[in-house]
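Visitor: So you can see what is in the structure, the chains are spelled out below.
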Amino acid sequence: NAGVTQTPKFQVLKTGQSMTLQCAQDMNHNSMYWYRQDPGMGLRLIYYSASEGTTDKGEVPNGYNVSRLNKREFSLRLESAAPSQTSVYFCASTRTGSYEQYFGPGTRLTVT
Amino acid sequence: RKEVEQDPGPFNVPEGATVAFNCTYSNSASQSFFWYRQDCRKEPKLLMSVYSSGNEDGRFTAQLNRASQYISLLIRDSKLSDSATYLCVVTPYGNNRLAFGKGNQVVVIP
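Just so you know, the sequences run in chain order A and B.
Read in order, the letters of the first sequence correspond to residues 1 to 112 in the numbering used here.
Read in order, the letters of the second sequence correspond to residues 1 to 110 in the numbering used here.
Be a bit skeptical, because a hint or two may be false.
[Stated by the list, open to error] Selected chain B positions facing chain A (in silico; Cβ < 10 Å):
#1 SER49
#2 TYR51
#3 LEU80
[Claimed, not checked] In silico DSS-like pairs for lysine-lysine, Cα to Cα no more than 27 Å straight-line:
#4 A:LYS57 x A:LYS71
#5 B:LYS79 x B:LYS42
#6 B:LYS45 x A:LYS71
#7 B:LYS42 x A:LYS57
#8 B:LYS79 x B:LYS45
#9 A:LYS9 x B:LYS45
#10 A:LYS71 x A:LYS14
#11 B:LYS2 x B:LYS42
#12 A:LYS9 x B:LYS42
#13 A:LYS57 x B:LYS45
#14 A:LYS57 x A:LYS14
#15 B:LYS42 x A:LYS14
#16 A:LYS57 x B:LYS2
#17 B:LYS45 x B:LYS2
#18 A:LYS9 x A:LYS71
#19 B:LYS42 x A:LYS71
I should point out that these hints are in silico values taken from the structure, not numbers from a laboratory.
In this text, a Cβ means the ideal position worked out from N, Cα and C, and glycines have one as well.
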């Protein structure tokens, strides 16, 4: 039981490049989330998916897109990376009716 | 106004001492409250839920004050392994979404 997995662990992009961050969970959870964490800012919600087939914007969605590929997988795409998107990105999941979110190990992204 | 406010610290605590800190939340409709723990360069993990009557888990005690809209965490007999950032989490949105505070950084000193 791996829990929540994220790939890649580290990434360096140049401004304007695109990339997709992958997230998968094997706990049969309905809800999945993408957060970013910056020094002094705490965790901020980018997008979330309450169930397979639905996605909603969170607090800071600009510059990102998401895809809930199936119940297990929830990907985050940066179409044209900007230095302001340098951050640590966490994926999380939870079962319906629970507030305990399980987090992946994070992706450290640097945009130069 | 931020949903959750925390004093980031750091809180430097001698080993064996007691440390306590609060967080305040702005939405009085929030129903559920939690403390998450985040070790340096790691992901957050649930430490404990916070119940209206207060609750303990070993050396950790959590309290909720709805009237003043704050929750607290107290750590007794601090261990070096307690060094971490403690995130205050509330549920102001009425669904599975959480609002996280910036965290209280605790450093336990030998």
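Visitor: Each hint needs a verdict: does it hold in this structure or not?
Guide: Hints versus structure:
1. SER49: holds (8 Å)
2. TYR51: violated (13 Å)
3. LEU80: violated (23 Å)
4. A:LYS57 x A:LYS71: holds (18 Å)
5. B:LYS79 x B:LYS42: At roughly 19 Å apart (the allowed maximum being 27 Å), LYS42 (chain B) and LYS79 (chain B) satisfy the hint.
6. B:LYS45 x A:LYS71: Judged against 27 Å, a Cα distance of about 22 Å means the pair holds.
7. B:LYS42 x A:LYS57: Satisfied, since the Cα-Cα distance of roughly 25 Å is no more than 27 Å.
8. B:LYS79 x B:LYS45: holds (18 Å)
9. A:LYS9 x B:LYS45: holds (18 Å)
10. A:LYS71 x A:LYS14: violated (32 Å)
11. B:LYS2 x B:LYS42: holds (24 Å)
12. A:LYS9 x B:LYS42: holds (12 Å)
13. A:LYS57 x B:LYS45: holds (23 Å)
14. A:LYS57 x A:LYS14: holds (25 Å)
15. B:LYS42 x A:LYS14: holds (25 Å)
16. A:LYS57 x B:LYS2: holds (18 Å)
17. B:LYS45 x B:LYS2: holds (22 Å)
18. A:LYS9 x A:LYS71: holds (22 Å)
19. B:LYS42 x A:LYS71: holds (25 Å)
Violated hints for the displayed structure, listed by number in ascending order: 2, 3, 10.
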